[in-house]
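If you want the building blocks of each chain, they are given just below.
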Amino acid sequence: MGQFLLKRIGLAVPTLLVVVFLVFMAVHLAPSDPVENKLGEKATAEQRTAMRHHYGLDQPLPLQFVRYVGGLLHGDFGESYKLEQPVSTLIAVKFPVTAQLAIAALLFSIAVGLPAGAVAAYFHNSWFDRAVMALVVAMVSIPSIVLGPLLILGVAVKLGWLPTSGWESPKYMVLPMIALGSRSAAIVARFMRSSLLDTLRQDYIRTAIAKGLSRPMAVWRHGIKNALLPVLTVLGTNFGALLTGSFVVETLFHVPGIGDISIESIQWRDYPVVQGMALLVAIVYVFVNLGVDVLYGAIDPRVRARG
Amino acid sequence: MAEVTLAKPSLSPTAEAWRRLQRNPVAVVCGTFIVGLVLVALLANLLKPQGYDTPDFLHRLAAGSAAHPLGTDQEGRDVLSRIVYGARISLGVATVIVSIEIAIGLTLGLIAGYYGGAIDSALMRVTDVMFSFPDILLAILLVAVVQPGPGKALAPQVSLITLFVALGLVYWPGLARLARGQAMALRNREYIEAARAMGVRDRAILLRHLLPNTLSPIIVQVTQDIAQVMLAEATLSFLGLGVQPPFPSWGRMIQDALPFKEAHPILLLAPTVALAATVMAFNFFGDALRDALDPRLRE
Amino acid sequence: MSRYSSKICRRGLLGGIASLTAGAALPGCFPSKGAGAAGAGAGGAAANVLRYPLTDDPTTLDPGKVEDGTTIDMLQQVYEGLVKWDEKNQIVPNLAEKWDISPDGTVYTFRLKKGVKFHHGREVTAADFKYSMERACDPVLLSPTTGYLRDIKGAKERIADKTKGIKDIAGIKAIDPYTLEITVDGFKPYWLGNMTYLISYVVCREAIEKADGKISDANSVGTGPFMLETGAYRLSDRVTLTANPGYHGGRPKLDTIVREILKDASTRLSKYRANELDMLIISPSDLDAVNGDAALKADLKTFPRARIWYVAMNSAVADSPFKKRDVRRAIAMAIDKKQLIQVALHDQADIANGILPPEVLGYDPNVKPLPFDPAQAKDLLAKAGYPGGAGFPVLPYAFRAHIQEVQEVAEVVRQQLKTNLGVDLQSHPMEWNEYLKERHDKTLPIATGSWGADYLDPQNFLSTLLHTDKIVDGKPDHEENGIGYSNADFDRLCDQADVEHNQAKRIDLYRQAERIAIDDAPWVPLYFQKDLMLIKPRVTGYRDSVFGILPHTQTTVAP
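Protein chains in written order, with numbering that gives the first Met the number 0: chain A, 0 to 306; chain B, 0 to 298; chain C, 0 to 558.
Mixed in with the good hints there might be a few duds.
Pulled from the structure, derived: some chain C residues nowhere near chain A, Cβ distances all over 12 Å [said to hold, decoys possible]:
#1 D55
#2 P138
#3 P143
#4 T145
#5 A159
#6 R204
#7 K213
#8 S235
#9 K262
#10 A317
Simulated coverage check for chain B against chain C, where a stretch passes if three residues somewhere in it have a Cβ under 8 Å from a Cβ of chain C [said to hold, decoys possible]:
#11 45–57
#12 252–264
Simulated DEER-style distance windows between Cβ atoms [as the list claims (entries may be wrong)]:
#13 A:M24 - B:V157: 19 to 29 Å
#14 A:F64 - C:A273: 45 to 55 Å
#15 B:V157 - C:G245: 24 to 34 Å
Note that these hints are calculated values from the structure, not bench results. Since we're looking at a predicted model, the values are computed, not measured. Don't be surprised by glycine CBs; every beta carbon is placed ideally from N, CA and C.
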C-alpha cells in the first residue's frame, strides 16, 4: 500500500511542475500586457515603462519564471495587478465559496443519485426503474451551461421561488447546486443501479436470504458497500466536469468563487491571478484524483497490484 | 463478429448495423434531427438571407412578429437568424475540430498502437500529461493565452482559428488513446500477421487492414466528440473566450441574453434550447450507434 | 471484497461524508451581514447607514494614484484637499480657509484652517501638504495623475527626474504651519481647479512611512468626514466607511457607509428592489428595466454632468473626405439628435447645440447649432462631390467598446447617416487604449468621443481640444486635438481669451470661437451627459455638483 501511495504521489509532482511551467509560459507569451489597463487614459509611455519595470515584466522570461517558482515555494503567489492584493489572499477569500458550492453539488448528487439508483435496482424493470433510467440518460447529456439558464428561467424568473443570482444566504445556493450537481447525480444513480443489480444477482445475497435475512435487510447490508463505487466513480471521472462546471455556474449565477475570478482575470490580463488560479485548479484536480486512486486502491487489491 | 441468426440470411456487418439503427426509435428521431440541423446550417443563406448581423438599433428587443418570429435582440438583430447561423458556426467549428482530432489522433494512435515501443511510450506520456487537466479548463487556458488584452477582443475570424487550435489540441489525445487501444488489440490478429508475412508494407497494413477494423468504436467516439466539442465551444463562447461577435454562437448568445432574462426571456431560451437539443441529439445518436454497431458493447 | 477492507471502507466513507457535511454546513462562506457593518441588519435598512454599492473592486486606496471615478467617489469621503467643489460648481475653501493670488497670478498663498485633525488625532500643517504633493511625484508610486501637479514650479522637472524618494519641489513652500505657498509656472487662471484632484489631497506622513510607503486599510489616515478603519476593506466583498466624529466640518449625520462590491448590473437592481441598497448609479442600458417598474421609476434621479459627447471628423488623415468643410457640415445636418437621445439614451440626456456644456463659464443658451436638415445636408454632400453618397468611402466609425450606450449612440448615428445621407460607415468598436493610441496617431477618420470638464472654464474645452497648437505631434501637452482641426481665427480668439483678464471680454472671445467651431463642424456636438441614479426616498441631504455627488457630510438615511 505504501509503495502504491508513493508511486501515485511520485507521478503527481512532475505533473504539477509541468502545469506550473505551461501556465506560466502560456500567460507570459501572450501578445498583450496588463500595464495599459492598469494605468488608464492619462498615462505616458514613461509611466508604462516604469510600471513594467516595477512588476518585473521587462526581465528575461526564464528569470521571471525562476522568481515565480521561488515565490511559490514560500507561499507567495504574487500580487494581483488589478487589486494590488496578494493572490493568496484572493484565493483564501474565493476558494471557500467554490468549495462550498462543489461540496453542496456533490452531496446533492449523492443524496439524489444513490437512493434513486438503489430503488431503481431494487424494483428492477418497474416503471420507476424505467423513469429513472430515462431521466439519467437525459441528465447526463444536459450540461450546466444549458441546465443553468433553464433553471433560472423556470424557477427564478417565471416562478420567482429562488433568486436568480448572487451569494448571500443558503437559498442562493440551491439553483447553482442543482445546475452543477445534476449530471453527477445521474452518473451516481446509473452506477449505483448497475452495481446493486450485479450484487443482487450474486449468490451471497441469496445465501443471506436463505439464512433467514429478509430481502430488504440483505440488500441494505450488502448494498451499502455498493454505494462506494458510484461515489468514487463520480469523484474520479466526473470531478473534471465539476470543476469546469463551476466556472460556468459561477459565471451564470454570479457566485464569487474561483471560477468567477479566473474568468475576470483572464479578461483583464491579470497574470498573477490567472497563474494562481490555474495552479490551484491543477493542485486540486491532481490531489482529488490522487485521493480517488488511493481509495480505489484501498478497496480493490487488484488495482494496487496493477500499480 | 456479428451473430448470425439461422432464420435470416446474414448481412454484412454494416448493413446489420444500419438495420439495427433504423429499428431504434431514439436513433431515428435524433438522426433526423441531426440531418435537419446540418441542412439548416448549410442552407442558412437561403433560409435567412439577411444574415446574422443586421443591427437595427431603432427596433431593439422587439417581441415576436411576422418579420421576426423570435423577436430581435439587444442590437435589433433577428433572433431566429442568429440561431440559424449559430447552427452553422457550432456545427462548422465542431466538424473542423473533430477533423483535426481524427487527423492527428487517429494517425498517431494507430501508429503508436501498431509499432509499440518508444513511440507508444511517448504517446502515453504526452497524453498522460494532457489528461491531468480537465479538458475545457485546458482549452480556457490555451485560449486565454491569445486574448489580446484587457477589454480587447479577437477578430471573429481569428477567434475561430484560435478555437480550432485550442480545442484540437485538447481533444486529440482521447481519440489517440482509443485508436492506440484498437491497434494494439488487432495487431496480433492472424490476418495482420499473414499480411506482414506476405510482405505487405506497413503503411498498407495500417490503412487497408487495421483502420477499417477499428472504425466502429472510432465512429462512435467521433459522434460523441462532436457533442463534446460543441459544448466546449459553447462554454468558451459563453465565457467570452470563444467565437467573437458578430459571428453568432449559441454559447455567446446565452451570455448576452442574461441581462435581459427577466424582461425578454426568449433571448435566453432560444439558444439554450438549441444547444441542449443539439448536444443531446448527438449524444443519444452516438449511444444508439454504439448499440447498433456492436450490441455486445452495451452496459 | 474482504471483510477487513469493507469495514475500513464503510467507516472511512461514512466518516468522509460526515466531515463533508459538516464542512458544507459552515455558514462562514457567505458574506455575513452581521459581522462588519456596524448597525446594518441583515438585509434590512438601518437608520444612518447608507448602503451604496461599488460597481467594481477599488483600484487603489491611495489618493495619490487614484484615477477612476468609482474609486475617487469612495476615497473623497476619507481624504481632503485645500479646496473643494460646492453645489454651485464653485471652487470653495476646504482645508484652506482663504487664499491670496499675487498680481501676476503665479503665487498662491493658502491660509490653512486651524484645528483640522487627521483621523488619528494630529493636527494638519502646511508641511503635510508639501509632503503629500511631493510624495505623489515619487516615481515609485507610479501615479498616473501627476499631470494635475505639473503646472507647479519645479514639478515638471521632478516628475521627469526618475530618482526614487521624496524630492523637494521648489514651487511648494510651507511658510509656517498654517501657510502654504504654491508658485505656478505662469498665469493660469484655471489652475486652482487642479487642486480639486485627489493627488493634491493631504495624507499622513507617519502612517504611510510605517507601512513602507503603501496605503492599505490598516493605515488610511485622512481628514475627511469618514474613515477607513483597519479591516474595512474586505477583499472582493465590501468597503465600510465609518463616520469621523472629530470632522472639522462637524460630525456627519451618517454613522456608516457600506460599499458592497457588486459587479453585475442586474444583481444591483435586484438588491435595490429588495431594499438591500439605498442608492445606486445606473447606466442608460438599465433604463429598460427601470422604466418598466413603477417603483424604480419613481426613484430615478438625473444629474447633469459637464460632459459632452460628439462625433469627431478627422481632417488630418490623407484623402479624408472630412477635409472638406461641406462634407462635415452635411454630416452634422444629417444627424437627428432628438431621435438619437430618445432611442439610445431613453431621453435621459440634453441636446448639445454648442460645445460648452451649460455648467461651464461662457455657456451661451442661445448658441445656434447646425440644424437637423437632411435636404440641405444632401445638397451639401452633392456639392462636395458625393451626390446621394455615391463615391463616399466606407470608413470605419470608431467608438469605445463595451459600454452599451456608447455603442447604441454610434449605431443610431450610423443608421441615420445611412438613411438621411446615403453615407455608409462601418461600425468599429475599439478598446480604450487602442482608441487613444489611434487618436494620438491621428488615424481615426470618424469617431464618437466625449470630454468631461476638468474645470468649468471654456479654456478646458475650446483651447484644449480644438486649437492648432494642441494637434497631436508628439510634443508634451500636444495631445488632445486628434483630428487636425486648424482654424487661424479660432486659434487667435482662444489665444487672446486664454490670457484676457477681463471676464466679460474673455467670455465674448470664447463664444466667438465656439461659433466658428460649430460652423466649421470638426465636431458634431451630440448631447451633454446626465448621470442617472436610483435613490430611495429615505435618503436625503445628499449634495451634487457637476463633478459628481459631493462627500456625504449632510446625507441622512431615515429608518
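Outcome of the hint check:
1. With a cut of 12 Å on Cβ distances, D55 of chain C falls inside the contact zone with chain A, its closest approach being about 9 Å.
2. Distance check on P138 of chain C: its Cβ comes as close as 6 Å (rounded) to a Cβ of chain A, failing to clear the 12 Å threshold; non-interface status is violated.
3. Consistency note on P143 of chain C: stated as away from chain A, yet its beta-carbon is not over 12 Å from all of that chain's, at 5 Å minimum.
4. T145 of chain C, annotated as away from the interface, has a beta carbon of chain A within 12 Å; the closest lies near 8 Å.
5. With a least beta-carbon separation of about 8 Å from chain A, A159 of chain C fails to lie farther than 12 Å from that chain, contradicting its non-interface assignment.
6. The beta carbon of R204 of chain C is kept farther than 12 Å from every beta carbon of chain A, the shortest such distance being approximately 21 Å.
7. Taking the minimum C-beta to C-beta distance to chain A, about 8 Å, the non-interface status of K213 of chain C is violated against the 12 Å cut.
8. Its beta-carbon lying about 6 Å from the closest one in chain A, S235 of chain C breaks the requirement of being farther than 12 Å from that chain.
9. Non-interface call for K262 of chain C relative to chain A: violated, since the shortest CB-CB distance, roughly 8 Å, does not exceed 12 Å.
10. Listed as outside the interface, A317 of chain C is consistent with that label: its C-beta sits roughly 25 Å from the nearest C-beta of chain A, beyond the 12 Å cut-off.
11. Counting residues of the segment 45–57 of chain B whose C-beta lies closer than 8 Å to any C-beta of chain C gives 4; at least three are required, and the coverage claim holds.
12. With 6 residues having a beta carbon nearer than 8 Å to a beta carbon of chain C, the segment 252–264 of chain B meets the requirement of three or more and the stated coverage holds.
13. M24 of chain A and V157 of chain B have their C-beta atoms about 20 Å apart, which keeps the hinted 19 to 29 Å range intact.
14. The given range of 45 to 55 Å is respected by F64 of chain A and A273 of chain C, whose C-beta atoms sit roughly 48 Å from each other.
15. A beta carbon spacing of about 58 Å between V157 of chain B and G245 of chain C contradicts the range 24 to 34 Å that was offered as a hint.
Taken one by one, the earlier hints fail for this structure at numbers 1, 2, 3, 4, 5, 7, 8, 9, 15, listed in ascending order.
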